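First to last, the sequence lines map onto chains G and H. By my numbering, the letter at position 88 of the first sequence is numbered 88, and the numbering carries on one by one without gaps. By my numbering, the letter at position 19 of the second sequence is numbered 19, and the numbering carries on one by one without gaps.
These are computed hints drawn from the structure, not numbers from a lab. Computed from a predicted model, the values in this text were never measured in an experiment. Treat each hint with caution, since some may be false.
Each pair may be met inside one copy or between any two copies, as identical chains are not told apart.
The calculated lysine-lysine pairs, modelled on DSSO-like cross-linking and capped at a C-alpha distance of 27 Å, are [stated by the list, open to error]:
{"id": "1", "residue 1": "Lys35", "residue 2": "Lys185"}
{"id": "2", "residue 1": "Lys27", "residue 2": "Lys185"}
{"id": "3", "residue 1": "Lys27", "residue 2": "Lys164"}
There are 2 protein chains.
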Amino acid sequence: MSKQEISASVIRRLPRYYRFLGELCEKGIVRISSKELSEQMGLTASQIRQDLNCFGGFGQQGYGYNVRALYDEIGRILDTSGHHRAILIGIGNFGRAIANHVNFLQCGCELIGLFDANPFVAGADLRGMPIHHIDTLAGFCHEEHPEIAILCVPDSAAQPLADKLCALGVRAFWNFSHCDLQIDKPDILVENVHLADSLLMLTYGLHRENLSDSAT
Amino acid sequence: MSKQEISASVIRRLPRYYRFLGELCEKGIVRISSKELSEQMGLTASQIRQDLNCFGGFGQQGYGYNVRALYDEIGRILDTSGHHRAILIGIGNFGRAIANHVNFLQCGCELIGLFDANPFVAGADLRGMPIHHIDTLAGFCHEEHPEIAILCVPDSAAQPLADKLCALGVRAFWNFSHCDLQIDKPDILVENVHLADSLLMLTYGLHRENLSDSAT
């Protein structure tokens with residue numbers, strides 16, 4: 001089956017498979033059955049077989065999956081060996097955390113520039129990289145052509161900044177400000193990250209458990 | 001339809017509806033059609049009608065949805081008026097960002113304790129709250145009974161810490177360390193947050209766009 005035909009929902013699950021398979025590789029595990037993988041990942045074995053069948057015959061009945069071949073193939077699909085140039089804007093606690101904790105190379109990205117509007121922050125270093133003042137953004141983009149912008153700026157600043165960056169050639173946004181970016185160009189990619197959404201899932205779950213406890 | 005019957009995938013989308021409807025309330029918008037809501041949220045109108053039909057008749061043909069009533073009902077389902085007590089462990093950049101930027105009350109939670117293993121960090125204040133040393137965790141849990149633990153600790157520390165917290169009565173984990181917690185008790189809730197997964201979606205998307213550009 002060609003890569004074109006893989007559905008969006010399978011694609012969304014690929015980073016998770018990629019993570020698990022990477023850990024198995026590190027542990028030196030060569031083969032794994034869909035049953036074992038399903039137990040570790042909390043998916044059903046049939047879901048896993050269905051997902052992984054989408055991109056080739058890595059599973060063999062009775063032998064399980066070749067961990068390294070599957071890992072490499074998912075990496076190829078996700079393009080983790082790419083070198084997409086990324087800039088990060090907004091060097092507060094959140095921006096610092098992202099710069100320090102995300103393994104950009106493992107995600108096929110390279111962090112090439114850091115920016116902040118605060119003149120006391122700009123000028124300092126982070127991860128051995130200089131933090132530039134936001135006023136130098138246009139010049140930097142003209143010279144360095146970043147493809148991805150990571151926005152860790154206040155909500156009100158995010159949309160005008162994204163519009164400006166689109167005009168400067170940025171093609172993808174990883175947005176941590178508390179708003180959904182509205183970009184009307186179909187070829188611009190946006191991932192709005194709303195951390196609180198997953199906290200709400202815990203709140204909901206606790207509430208449901210309390211309801212069932214009180215019902216019994 | 002009873003709340004018991006709402007599917008997990010609809011529940012996962014509720015925080016997003018809740019956010020959008022909250023913003024509409026703030027803007028003073030009283031009614032909205034599924035078509036308008038779909039355009040703003042990037043879902044299809046039929047998906048929205050199907051989702052929102054799951055929990056009551058808030059839409060009226062030709063009149064659209066009552067924004068406030070729908071917002072309040074989703075808030076009730078998610079239990080955003082709850083006061084689930086949460087503690088945050090690991091006060092590095094990431095922990096600080098979470099403590100400062102997440103609106104806990106809006107998520108039905110209250111942040112009641114901050115902990116760190118570093119004696120130079122413990123003793124300081126954050127958001128007007130003292131940061132406790134991790135050694136005092138057990139005593140704190142016995143007295144304050146937190147339900148949710150937010151883990152912003154190094155990968156290797158996360159699993160043993162979660163096991164300890166389970167034994168101390170914590171029932172839900174919001175996990176930002178780079179590992180999936182393995183907890184065998186079915187009533188313990190876990191949300192593992194893997195930020196890099198959404199960055200990989202951008203990498204994938206850029207790669208696909210480059211492929212189609214070079215094909216034309």
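Now the hints, each set against the structure:
1. Lys35 with Lys185: For Lys35 and Lys185, the Cα distance is within 27 Å only across copies (20 Å; inside one copy 42 Å).
2. Lys27 with Lys185: between (43 Å within a copy, 25 Å between copies)
3. Lys27 with Lys164: Between. Shortest inter-copy distance 25 Å satisfies the 27 Å Cα cut-off; intra-copy 45 Å does not.
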